[in-house]
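Peer 1: Protein chains in written order, with this note's numbering: chain Z, 6 to 313; chain E, 225 to 414.
These are computed hints drawn from the structure, not numbers from a lab.
Don't take every hint at face value.
To give an idea of the chain E side of the interface with chain Z (calculated C-beta under 8 Å), a few residues [claimed, not checked]:
1. Ile-315
2. Leu-321
3. Pro-391
4. Asp-395
Cβ coordinates follow ideal geometry from the N, Cα and C atoms, glycine included.
One-letter residues, chain by chain:
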Amino acid sequence: MSRHLLSIDDLGAEGIEEVLKLADSFVEVSHRDIARVPALRGKTVVSLFYEDSTRTRLSFETAARRLSADTMTFSVSTSSVKKGESLRDTVQTIDAMGVDAIVVRHRSAGVPHQVAHWSTSAVINAGDGWHEHPTQALLDCYTIRQRLGGVAGKHIAIVGDIKHSRVARSNILAFTALGADVTIVAPPTLLPPSLAGWPVTVSHDLDAVLPKVDVVYLLRLQNERMTEALLPSAREYTARYGLTRARAALLADDAIVMHPGPMNRGVEIAAEVADLPSSVITQQVANGVAVRQAVLFLLLGSGASRAA
Amino acid sequence: MAERERSLAPPHGGVFVPRAQVMDGEDLRRAITRIAHEIVERNHGLDGVVIVGLQTGGVPLGERLAEELLRIEGVEVPTGSIDVAFYRDDIGLRPVLPEAVTDVPVDLAGRTVILVDDVLFTGRTVRAALNALADYGRARAVQLAVMIDRGHRELPIRPDFVGKNLPTRRDEMVDVTPEGVTLGDIVVTP
Chain Z
6 MSRHLLSIDD
16 LGAEGIEEVL
26 KLADSFVEVS
36 HRDIARVPAL
46 RGKTVVSLFY
56 EDSTRTRLSF
66 ETAARRLSAD
76 TMTFSVSTSS
86 VKKGESLRDT
96 VQTIDAMGVD
106 AIVVRHRSAG
116 VPHQVAHWST
126 SAVINAGDGW
136 HEHPTQALLD
146 CYTIRQRLGG
156 VAGKHIAIVG
166 DIKHSRVARS
176 NILAFTALGA
186 DVTIVAPPTL
196 LPPSLAGWPV
206 TVSHDLDAVL
216 PKVDVVYLLR
226 LQNERMTEAL
236 LPSAREYTAR
246 YGLTRARAAL
256 LADDAIVMHP
266 GPMNRGVEIA
276 AEVADLPSSV
286 ITQQVANGVA
296 VRQAVLFLLL
306 GSGASRAA
Chain E
225 MAERERSLAP
235 PHGGVFVPRA
245 QVMDGEDLRR
255 AITRIAHEIV
265 ERNHGLDGVV
275 IVGLQTGGVP
285 LGERLAEELL
295 RIEGVEVPTG
305 SIDVAFYRDD
315 IGLRPVLPEA
325 VTDVPVDLAG
335 RTVILVDDVL
345 FTGRTVRAAL
355 NALADYGRAR
365 AVQLAVMIDR
375 GHRELPIRPD
385 FVGKNLPTRR
395 DEMVDVTPEG
405 VTLGDIVVTP
C-alpha cells in the first residue's frame, strides 16, 4: 500500500485483496469481549470533515480507537475556517501538531491529493466531491465477499445518480478491478457526459437488469437533483428506478441489496425492501469499521508500507 | 522458525541456508510425546486445559500436541491459534501483518492455557501473545511450551515445557518443520 489512500486506483486488485484479508482479522477482533488492540498506540488520527457526515466520520473514529490510536475531530463549523483560514493553513496547523493520519472529506474533488501534498501525514480520502470514496468501495467489496464468497465473476448493478456519485466511481473501479461484471442503470441525465473507458454496461431498464444480477447497489438520490431539473420528480424516479417491493421480487433468491446510506426510504428504495433479509445495508456499516481499521493499520502500523 | 520470521529478521530478504540438522522427525515426535506427558503431569490431568498455538510455527505443533494428548489421555483438548501482529512492540519497525485470523475456540476465563510456539528467542512474541490472550478472558494460568529454546531472551520469560535447549548465535536461524529442526544462516543473495 502506498503512503496515502486517495483513490481505489492506488491499490489495484492486489491492494484491495490485502485490505480485505486484513479486515477478516479485525472482524474477529470485533467479536471479542475487548474489541480493542494496541496496534496503533501513540498514533494520532485526525478527521478533517468539510462536509457533513455521520457514518463515515464515526466509522473512522471507531476504527482508530479500536486500534488504540488517539483521535481528533476537526469540524468546520467550530473552527478557524469560520474566520477565513485557508485549507492549506488548516492542514499545516494540524500537521504541526504531529499527527499521523488525516482523514479528509471535502465537497471538491482533488482536495485529498492537495492535502497529501501539503502534509507529512498519511492522508485518507473519506469522500471528495464527485470523485472518489475509496473506503466505501472497500467495505462494499468486503460485504459482497462475505455474503457471496467473492467479487470476481459476480454481476453487479449500480442504480441511480452515477454522475454525482463518488461512491459509484470508487465502486466501479474496485468491482471491476476484482473481476466483477458491472452494469450501471440510470436515467440519461444522471449519467456522466462520457463513459468512454469505463468498463461497464449501461442500461435504462431496471426491470430487465434485476433478474440477472447478484448484487443491486442503490445510490442515494439527492434532492438537489430535482431543483437542478435533472429529474421531473422523485415520484417519477421511484416509478422507473426505485427498488420497490415488486421489483425486489424480480431478484434472484440469493441476490443482495446494498446502499451506502443515508437512505431515502420510499425514493430509491422502498421502506420494507431495506429491511428484507437480502438487504445487507447494516452489515455494510458494521464491516466499515473493520475495513477502515485495516486501512489505518496498513498505512500506520505495518512497516510494510514504509518500505514500499 | 517460520517463513514469516525468516523474511522479517534482518538482513531482510535473505535466504535460509541450512547448516546442521539438530533434530529429525522422530526426535520431534518423541519430544512432542514427552511434552504431552509433562502437561498432563503438571496439571494433574487435562481439566480446563486449552491449547493455543502461535501463528505460524506454533499452530501445527499445538495441533500435534492435542492429538498426542487425545492418544495418551483420551481427552479432546480445545485447540486454537493466535496471531499477535496487532500486539507487537515493533509495529512500525518492521513489516508486521497477521498471517491468519485468530481463532480462540473457548472463553479463556478460569482455564489453563498452554501457549505453543516452535522457537523461543527474544521472548517478545510471547509477551505480545500474553497481552492478546488477556483480551479473551482471564485465564487461571498460562504455561508456555516450545520446541526449541535458543536463548537470547530480552524479557523475563521462561518456558514451562521445552523440546530442546539449543545454544545459538544471535544471527543464526532455527527452522522447525515436521521433518525436524535445522540450524542455519540467513544469506543475502546479491
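Peer 1: All the hints need checking, so say for each whether the structure fits it.
Peer 2: Hints, verified against the model:
1. At a threshold of 8 Å, the smallest CB-CB gap from Ile-315/E to chain Z is about 5 Å, leaving the interface hint in force.
2. Checking Leu-321/E against chain Z by beta carbon gives a least distance of about 5 Å; that is within 8 Å, so the hint holds.
3. Violation of the interface hint for Pro-391/E is found here, the shortest Cβ-Cβ separation to chain Z being roughly 30 Å, above the 8 Å cut-off.
4. About 20 Å separates the beta-carbon of Asp-395/E from the nearest beta-carbon of chain Z, more than 8 Å, and the hint is not met.
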